[in-house]
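Enquirer: As a plain string of letters, each chain reads:
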Amino acid sequence: MLSIKNLHASVEDKEILKGLNLEVKAGEVHAIMGPNGAGKSSLASVLAGRANYEVTEGSVTLDGKDILELSPEDRAREGVFLAFQYPIEIPGVSNINFLKTAMNEIRDYRGLSPLTAKEFLQMSREKQALVEFDAKLVNRSLNEGFSGGEKKRNEIFQLAMLDPKLSILDETDSGLDIDALRIVSRGVNKLRSENNAFILITHYQRLLDHIVPDFVHVLSDGKIVKTGGKELALELEEKGYDWLK
Amino acid sequence: MENNTDTEFLESLADKEYEHGFITDIEMDILPPGLNEETVRFISAKKNEPEWMLEWRLKAYQAFLKMELPSWQNFKMPDMNFDGISYYAAPKNTPKYNSLDEVDPELLATFEKLGIPLNERKKLLGVREDGPIENENGEMVERPLVAVDAVFDSVSVATTYKDELKKHGIIFCSISEAIQDHPELVKAYIGSVVPQTDNIFAALNSAVFSDGSFVYIPKGVRCPMELSTYFRINAENTGQFERTLIIADDDAYVSYLEGCTAPQRDEHQLHAAIVEIVAHKNAEVKYSTVQNWYPGDKEGKGGVYNFVTKRGICKGENSIISWTQVETGSAITWKYPSVILQGDNSYGEFYSVAVAKGKQIADTGTKMIHLGKNTRSRIISKGISAGNGQNSYRGLVSIGPKAANARNFTQCDSMLIGDRCGAHTFPYIDAKNPTATLEHEATTSKIGEDQIFYLNARGIDTEKAVEMIVNGFAKEVLNKLPMEFAVEAQKLLAVSLEGSVG
Ligand SMILES: Nc1ncnc2c1ncn2[C@@H]1O[C@H](COP(=O)(O)OP(=O)(O)O)[C@@H](O)[C@H]1O
Ligand SMILES: [Mg+2]
Chain A
1 MLSIKNLHAS
11 VEDKEILKGL
21 NLEVKAGEVH
31 AIMGPNGAGK
41 SSLASVLAGR
51 ANYEVTEGSV
61 TLDGKDILEL
71 SPEDRAREGV
81 FLAFQYPIEI
91 PGVSNINFLK
101 TAMNEIRDYR
111 GLSPLTAKEF
121 LQMSREKQAL
131 VEFDAKLVNR
141 SLNEGFSGGE
151 KKRNEIFQLA
161 MLDPKLSILD
171 ETDSGLDIDA
181 LRIVSRGVNK
191 LRSENNAFIL
201 ITHYQRLLDH
211 IVPDFVHVLS
221 DGKIVKTGGK
231 ELALELEEKG
241 YDWLK
Chain H
1001 MENNTDTEFL
1011 ESLADKEYEH
1021 GFITDIEMDI
1031 LPPGLNEETV
1041 RFISAKKNEP
1051 EWMLEWRLKA
1061 YQAFLKMELP
1071 SWQNFKMPDM
1081 NFDGISYYAA
1091 PKNTPKYNSL
1101 DEVDPELLAT
1111 FEKLGIPLNE
1121 RKKLLGVRED
1131 GPIENENGEM
1141 VERPLVAVDA
1151 VFDSVSVATT
1161 YKDELKKHGI
1171 IFCSISEAIQ
1181 DHPELVKAYI
1191 GSVVPQTDNI
1201 FAALNSAVFS
1211 DGSFVYIPKG
1221 VRCPMELSTY
1231 FRINAENTGQ
1241 FERTLIIADD
1251 DAYVSYLEGC
1261 TAPQRDEHQL
1271 HAAIVEIVAH
1281 KNAEVKYSTV
1291 QNWYPGDKEG
1301 KGGVYNFVTK
1311 RGICKGENSI
1321 ISWTQVETGS
1331 AITWKYPSVI
1341 LQGDNSYGEF
1351 YSVAVAKGKQ
1361 IADTGTKMIH
1371 LGKNTRSRII
1381 SKGISAGNGQ
1391 NSYRGLVSIG
1401 PKAANARNFT
1411 QCDSMLIGDR
1421 CGAHTFPYID
1431 AKNPTATLEH
1441 EATTSKIGED
1451 QIFYLNARGI
1461 DTEKAVEMIV
1471 NGFAKEVLNK
1481 LPMEFAVEAQ
1491 KLLAVSLEGS
1501 VG
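Chains A and H, in that order, give the protein sequences. Heads up: the first sequence is residues 1 to 245, going by my numbering. Heads up: the second sequence is residues 1001 to 1502, going by my numbering.
Because the hints were derived from the structure by calculation, they are not lab data. Treat each hint with caution, since some may be false.
With a straight-line cut-off of 16 Å between C-alpha atoms, the simulated EDC-like cross-links for lysine to aspartate or glutamate are [said to hold, decoys possible]:
1. H/K1059 <-> H/E1177
2. H/K1446 <-> A/E89
3. H/K1464 <-> A/D108
Note that the coordinates shown come from a computational prediction; the quantities given were computed from them, not determined experimentally.
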């Protein structure tokens, strides 16, 4: 599904990603771990198309399509979803109207007619239940005054609504208490399917107890330096990252 | 994409062309430019006015001659060539129309372009405009009825739903008609809230006002529909000087909406209106404005100079006056809709969104004058600046010595789009009673690239993202508008900022 080849990217003329390779197939869950500042969020940003990152070399394709050519909104419409490490607050824009707009923009790109208000509300109720999202938050302003945990859970609710091909979760587990972590993990597990794929960026092995990955990668200094199965995460937890350098 | 592209796009949105810039080709009856006593006499005669009205105008003209342009505003006052303006322009065949079938088709086409719901036939058949309307929550609800008075250059051309309103004893007509048919009311109230000598533009308007709307709601009557006036400047080199007078008697209620547009012209056009509102005991008046005069091009050529005096008085106890304004147009906006809180326990509100983009200047705000006991006021001002726009909030909260336990809450929020625009706030307080409670909050924010990227990452393009962020910012004010106008105002905000962000 996703194929990243020799990806080099810089921000403000500083090279952050230095020849990164990654293959993700449909149905797979990949965990990416690594020290602070290694470039994990940068990878997520580059995949989502954040403007201040410049790709200097390499390629990224999604189902064979070059996504580096596309604007961020078109990548989202092609099925790339980034759950932000720090979700943004947008005062006065209701969560539900925002999602309705997002969903209809994506549908429009795919040649589908917009959902009726009724269809949309019904779907929203189903997905709220699926990911155990608090109905009160649905009508509030987008992330405004949400706690850290509520913001992260809202990302998962959006993920459930938009049903992307490829989801990248950037430290979604950070700042969650153990109950919230369970709920978020349960949601992701329910959303996993043969047709989609997940990249989980995390510092903590504990997330991977709940969402069991097919592969674990270590990202260090802009490159993937080691790849293994889920047992690699345990090893990392024990030994840290220094032995890999 | 480069780092600053969002900013550039935001700025390019500010350059969006004005949508209502068409000119209607109708035979006009125009007074040549120039202002003297004869001009005043001509207008009064043209309208067949009684002697007392002419006397009143002439007094205002004498006051005007002695007055000077204000100098306290946060911009350089442009040269006002009062002699270069034509003070009267009317479509030829000025008689009032009894039905829309009699109206010049060109004029009707104009109204159609303006989106004015002026369809008499539907009304006669008892059919509501365009069926139900979708509200904020995606629910379909019944579209509210709106009665419209349309003022085209200097004259009122059509007022709808008149007969239905009459059944309730409500008077809704042009001010010219009111002078003929209800002179006792006009005489009693005109100039009672905005004195002729209030400021030079008020004096000018009092001397040469051409038309405008008049509303009287009798004791105990809740007006069953929105009342609305659309103003349109069309003729070249003309000023528009309309005058609106709204009187709500004891226990009455009315919601009134004003909308306006003007064609694109290279020359500046002066609009100097007056609105006076009187709310008696327990009465409530809601006055909403969606102002979309031509703002000029992006170099600042042309555009309407909007120098307007709007004031209401809460005369009786427990009365309420509420101003809501969405100001997107005009090259210069200079207006401070105010409330004199005379009756005990009376309440005044001012909710405003003002956009200044391109070379636009908005200097707007309010005055809340607390005179009675337990009077309360609330000010919510949202300024949006883009391009080279300069947006100033100017407000006065004055607490008189007898206004025991008066309260005011003021909130001024500014949003900046791009790096070349400015936001300024000038809140003044004058408290002469120690029991007053005054609260003030202010914020300034920039539309951030982070916000835009977040929405992009959900499949929403940048233009729509800005529209959402701006409408979210203005939401508290937009929610105050009658529903169907809230929808229009949202679109207008979006259109006026299209091209401001990069
Ligand atoms: N906008 C930026 N400008 C300059 N440096 C940046 C910017 N964003 C990230 N960086 C740098 O890129 C490196 C990688 O950061 P990041 O991708 O956030 O790491 P991680 O998510 O793995 O902790 C860090 O050295 C960080 O300081
Ligand atoms: Mg990170």
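Enquirer: Confirm or reject each hint.
Expert: Quick rundown of the hints versus the structure:
no.	hint	verdict
1	H/K1059 <-> H/E1177	22 Å, violated
2	H/K1446 <-> A/E89	13 Å, holds
3	H/K1464 <-> A/D108	14 Å, holds
The structure fails hint 1 only (numbered hints given earlier).
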